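S.K.: Turn these sequences into a full structure, and let the hints steer you where they fit.
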Amino acid sequence: MKTVVVTGATSGIGKATALDLAACRFHVIGTARTPDKAEKLTAAAAELGLTVHTVLLDVTDPRSCQDAVVEIDALTDGGPWALVNNAGIAPVGAFEDVAEADARAALEVNLLGVARMTGLVLPGMRRRREGRIVQLSSLGGLVSVPFNGWYCASKHALEALTDSLRMEIAGSGVHACLIEPGFTDTPMLSKGLADFPADSRYAHGYMAARRLIASWSPPGPETVARTVRRALLAPKPRRRYRCGPGAVPAPLLRLAPAPVADLICRSALRLNKR
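For the sequence shown, the working numbering assigns the number 766 to the initial residue and increments by one for each residue that follows.
A couple of the hints might just be wrong.
To be verified - Label-pair ranges, simulated between beta-carbon atoms:
1. 869 with 959: 19 to 25 angstroms
2. 987 with 956: 34 to 40 angstroms
3. 808 with 888: 19 to 25 angstroms
4. 800 with 980: 38 to 44 angstroms
In case anyone wonders, no lab produced these hints; they're calculated from the structure.
Model, not experiment: these values are computed from the prediction.
Just so you know, even glycine gets a beta-carbon here, dropped at the ideal spot from N, CA and C.
M.R.: Written as structure tokens, this is what we have:
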């Protein structure tokens, strides 16, 4: 039975992925930041007749990452077959509305935390000459949109880092790929929409963003979980897997002339007049 570690597995996409993979007979180890969250994940799996093991992990803490991987190695007799780097945060708001501390946190979790965990499990995968690194990116890693700049910046960086990694480990038996979901109905999305500052000069744009996302009726995280499963089951995984709303138009927007792409985004969010 192949072991898959899923970071940030206690809610949203991470939880859906952990449960989906457990149902498909993977040995799943989900990471959680607190014992309480770990217990809830274990209980949720048990209610479905599934088993998900848990390990405590804070991806922003190098010592926590090292301790978690030591524990994972002990549970797996030398390390996991696959790592799904799902843990992430999304500070929302216009550039002028996001505090530097929140911007740093996004880069720490979404980029450096991913790098830490990848670097710690990669040597074992190399020794076994097989393994998968699956990075949860976003369509925001391809196209930047207003009010989500720091999240997009972190995902753009993750895309670049993963592209380099994929070429560097080619021929080692280890594969790295990116999952690029569109808007997905998760606690992170709900929290983000609720966290827009009320006393901002961009208040009208924030209201437009809420209405726009609500009109799309984003799918639940199970759509993304199934895509992660596809990447793990593929004999030779693709470089990128896109899913959910925007999976087709976002790359096209990237190819459009910059003035056209800017006008589309500004019009959708009522940013044409100030």
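S.K.: Of all the hints given earlier, name the ones this structure violates by number, lowest first.
M.R.: Hints 2, 3 are the ones this structure does not satisfy, whereas the remaining hints hold.
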